[in-house]
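Here's the letter readout for the chains.
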Amino acid sequence: MALFEFELPPPPTKDLKPLFGEQDLVRRSASSVPEPARKLTEVAKLIDVSKCIGCKACQAACLEWNDERIPVGENVGVYDNPPDLTPSMFTVMRFTEWVNPQTQDLEWLIRKDGCMHCADPGCLKACPAPGAIVQYSNGIVDFNHENCIGCGYCVDGCPFNIPRISQVDHKAHKCTLCSDRVAVGQGPACAKACPTHAIVFGTKEEMKQHAAERIKDLKSRGFATAGLYDPPGVKGTHVMYVLHHADQPELYSGLPKDPSISPFVSIWKSAAKRYASLAAMAAVVFAMVFHQVAAGPNRSSDEDEENARKLIEGRDK
Amino acid sequence: MSAERHAVSTIKRHPLDVRIAHWVAAISFILLGLSGFALFFPGFFFMTALFGGGETARFLHPWLGLALVLSYLVLFVRFVGSCLWKREDTIWILRPSDVLSGREENLPEFGKFIAGQKLYFWGMALLFAVLLVSGVIIWQAYFGSLTSIALQRIAALTHSIFAVLAVLGFVIHVHMVTWEPGTLRAMISGTVTGGWAWKHHRKWLREVVAGKN
Chain C
1 MALFEFELPP PPTKDLKPLF GEQDLVRRSA SSVPEPARKL TEVAKLIDVS KCIGCKACQA
61 ACLEWNDERI PVGENVGVYD NPPDLTPSMF TVMRFTEWVN PQTQDLEWLI RKDGCMHCAD
121 PGCLKACPAP GAIVQYSNGI VDFNHENCIG CGYCVDGCPF NIPRISQVDH KAHKCTLCSD
181 RVAVGQGPAC AKACPTHAIV FGTKEEMKQH AAERIKDLKS RGFATAGLYD PPGVKGTHVM
241 YVLHHADQPE LYSGLPKDPS ISPFVSIWKS AAKRYASLAA MAAVVFAMVF HQVAAGPNRS
301 SDEDEENARK LIEGRDK
Chain W
1 MSAERHAVST IKRHPLDVRI AHWVAAISFI LLGLSGFALF FPGFFFMTAL FGGGETARFL
61 HPWLGLALVL SYLVLFVRFV GSCLWKREDT IWILRPSDVL SGREENLPEF GKFIAGQKLY
121 FWGMALLFAV LLVSGVIIWQ AYFGSLTSIA LQRIAALTHS IFAVLAVLGF VIHVHMVTWE
181 PGTLRAMISG TVTGGWAWKH HRKWLREVVA GKN
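Chains C and W, in that order, give the protein sequences. Under the working numbering, the first residue of the first sequence carries the number 1, and numbering increases by one thereafter. Under the working numbering, the first residue of the second sequence carries the number 1, and numbering increases by one thereafter.
Simulated from the structure, these hints should not be mistaken for lab results. The beta-carbon is built from N, C-alpha and C at its ideal position, and this holds for glycine as well. One or more of the hints may lead you astray.
What the hints assert, rightly or not - The list that follows gives simulated cross-link-like pairs (lysine-lysine, BS3-like), each with its CA atoms no further than 25 Å apart:
1) W:Lys203 with C:Lys310
2) C:Lys235 with C:Lys39
3) C:Lys216 with C:Lys51
4) C:Lys51 with C:Lys219
5) C:Lys39 with C:Lys17
6) C:Lys51 with C:Lys310
7) W:Lys12 with C:Lys310
8) W:Lys12 with C:Lys219
9) W:Lys203 with W:Lys112
What the hints assert, rightly or not - Partial pick of chain C residues on the chain W-facing surface, computed with a CB cut under 10 Å:
10) Pro130
11) Asn147
12) Gly152
13) Lys171
14) Pro263
15) Val265
16) Lys273
17) Val289
18) Asp304
19) Asn307
To be verified - Sample of chain C residues with no beta-carbon within 10 Å of chain W, all distances over it, derived:
20) Arg69
21) Pro83
22) Pro101
23) Ala193
24) Arg214
25) Ser253
All chains should be modelled from the sequences, with the hints used to inform the complete structure.
Written out as structure tokens, the structure reads:
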């Protein structure tokens with residue numbers, strides 16, 4: 001028996017009260033938030049790559065729920081369609097054909113790519129616009145488009161190459177973990193649509209327990225290195241994968257083995273650098289004022305003027 | 001007219017194109033500083049209101065950067081000949097106490113620009129070159145997809161550090177105007193007094209008088 005319900009109850013049709021909101025923020029880009037009065041239970045989406053059949057129902061559901069459309073694509077020689085995330089397509093199935101050197105089996109590794117909802121979000125760290133990126137205590141990292149200025153710093157901050165800047169509205173877009181659905185007790189649209197329950201949603205604890213069962217099952221069937229992808233380099237994620245080859249996440253279209261916020265981003269955005277910059281500028285301003293008071297002004301005298309006049313008149317003669 | 005109240009001599013220092021380029025550079029630098037500070041220091045984000053909001057500030061900042069680079073290019077072409085390092089410049093570097101206390105009688109005669117101005121000229125040229133390249137790399141709207149994210153991270157860090165260095169140079173540059181009265185008019189009317197030129201740039205004054213400059 002499952003530890004949680006695969007099928008969540010239908011959404012309420014009246015008296016809709018959001019289960020979380022502004023008061024549950026734990027991080028807010030380029031600004032601070034008061035300590036929230038309560039701590040929500042952490043949620044997570046678990047993507048069991050071993051159960052994925054590559055049907056792309058999750059992509060269709062994502063477009064449908066978020067009211068996005070993508071143009072009819074072109075075949076670029078792989079099953080990935082569209083070939084990459086776009087400002088409208090927040091999730092893409094990435095297909096990898098891999099010959100397992102041990103078994104000589106051709107394995108079809110299909111990873112549903114999208115925002116990982118990091119506990120330590122690089123996008124939020126890099127964002128200069130107050131409130132454009134927020135993190136709720138349930139783990140959801142969300143973009144607030146009304147505050148986004150379209151600078152693209154989140155793209156540089158993200159260790160997973162997820163945010164995309166729209167050339168239409170010049171805002172950053174990514175998966176919201178269906179924060180609007182979660183707020184009324186629903187799971188993400190992709191999880192709802194997944195026909196094999198490869199995508200499931202629940203509390204992070206439930207998802208870890210479910211993953212443990214799945215990993216046990218995979219190991220019993222010969223996948224000795226099966227495991228959970230919940231990378232500690234970003235303090236864990238709220239979208240996790242069950243991988244049959246958890247020791248080689250790179251196999252799955254370059255899923256990073258040990259993702260973390262780039263040191264360049266950390267230094268760029270460090271408080272130490274901000275304070276050092278301000279201190280250096282203040283020191284130079286103070287030094288200039290001090291110099292002015294102590295040594296200035298360095299005025300030319302009547303004698304200088306007289307000497308200049310003599311020089312000039314010497315020429316005129 | 002009384003004998004001691006005679007008209008002060010006037011020397012032409014900067015032609016009109018140099019003055020226009022200088023003020024385009026100065027104004028764009030200040031606007032770049034304000035918008036850049038707003039995007040760099042969360043506490044200064046409110047300054048984006050001066051530009052009509054965060055999005056406009058983000059949009060304008062790189063174009064202002066181009067205005068700065070282009071105007072500085074004019075200044076570079078017009079000044080580079082006067083900014084080559086001379087022997088007296090090394091002496092200037094070696095005697096900071098005479099320089100800082102304004103005892104120019106202890107220093108050699110200087111040409112159109114003193115060593116500090118030359119350092120500022122070359123320093124800003126270097127900083128602006130780095131800021132231009134790193135800025136283009138992080139200009140998301142046009143170049144976001146042309147460079148790797150790894151490179152953009154380095155460019156963003158470099159851009160923020162070099163911008164602060166440019167501000168430090170700018171503060172010193174502005175201070176020198178207040179410290180040496182009579183300097184500002186060189187960039188407004190384009191002229192200086194003979195006395196000012198005699199005191200601060202005597203070698204240049206001699207060249208001007210001799211008709212060489």
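Hints, verified against the model:
1. Distance check on the hinted pair: Lys203 (chain W) and Lys310 (chain C) sit about 15 Å apart at the alpha-carbon level, within 25 Å; holds.
2. Between Lys235 (chain C) and Lys39 (chain C), the direct Cα distance comes to roughly 17 Å. Compliance with the 25 Å bound is thereby established for this hinted pair.
3. With a CA separation close to 14 Å, the supplied pair Lys216 (chain C) and Lys51 (chain C) stays within the 25 Å bound.
4. Using a Cα cut-off of 25 Å, the hinted pair Lys51 (chain C) and Lys219 (chain C) holds, with the two alpha carbons roughly 14 Å apart.
5. About 18 Å separates the Cα atoms of Lys39 (chain C) and Lys17 (chain C), which keeps this hinted pair within 25 Å; it holds.
6. The suggested pairing of Lys51 (chain C) with Lys310 (chain C) is violated, with an alpha-carbon distance near 96 Å, which exceeds 25 Å.
7. Using a Cα cut-off of 25 Å, the hinted pair Lys12 (chain W) and Lys310 (chain C) holds, with the two alpha carbons roughly 17 Å apart.
8. Between Lys12 (chain W) and Lys219 (chain C), the direct Cα distance comes to roughly 86 Å. Violation of the 25 Å bound is thereby established for this hinted pair.
9. The straight-line distance between the Cα atoms of Lys203 (chain W) and Lys112 (chain W) is roughly 7 Å, inside the 25 Å bound, and the hint therefore holds.
10. Interface restraint check for Pro130 (chain C): the shortest CB-CB distance to chain W comes to about 6 Å, inside 10 Å, so the restraint holds.
11. Annotation: interface hint on Asn147 (chain C) holds; nearest CB of chain W at approximately 8 Å, less than 10 Å.
12. A distance limit of 10 Å between C-beta atoms decides the matter here; for Gly152 (chain C) the minimum to chain W is near 3 Å, and the interface restraint holds.
13. The interface hint given for Lys171 (chain C) holds, since its Cβ lies 9 Å from the closest Cβ of chain W, which is under the 10 Å cut-off.
14. Interface restraint check for Pro263 (chain C): the shortest CB-CB distance to chain W comes to about 9 Å, inside 10 Å, so the restraint holds.
15. Among the interface hints, the one on Val265 (chain C) holds; its C-beta lies about 6 Å from the nearest C-beta in chain W, closer than the 10 Å criterion.
16. Interface restraint check: Lys273 (chain C) against chain W, minimum CB-CB distance 7 Å, threshold 10 Å, status holds.
17. Evaluation of the Val289 (chain C) hint against chain W yields a held restraint, the C-beta minimum of about 8 Å falling below 10 Å.
18. Residue-level restraint check for Asp304 (chain C) holds (minimum Cβ-Cβ distance to chain W is 4 Å; threshold 10 Å).
19. Below 10 Å, beta-carbon pairs count as interface contacts, and Asn307 (chain C) has one with chain W at about 5 Å; its hint therefore holds.
20. For Arg69 (chain C), the shortest C-beta to C-beta distance to chain W comes to about 21 Å, beyond the 10 Å cut-off, and the non-interface label holds.
21. Interface exclusion of Pro83 (chain C) from chain W stands, the closest Cβ pair being 13 Å apart, more than 10 Å.
22. Every CB of chain W is more than 10 Å from the CB of Pro101 (chain C) (nearest about 29 Å), matching its label as outside the interface.
23. Once the 10 Å rule is applied to beta carbons, Ala193 (chain C) is consistent with being away from chain W; the minimum gap is 30 Å.
24. Even its closest Cβ contact with chain W, about 32 Å, leaves Arg214 (chain C) beyond 10 Å, as expected for a residue assigned away from the interface.
25. Listed as a non-interface residue, Ser253 (chain C) keeps its Cβ farther than 10 Å from every Cβ of chain W; the least gap is roughly 16 Å.
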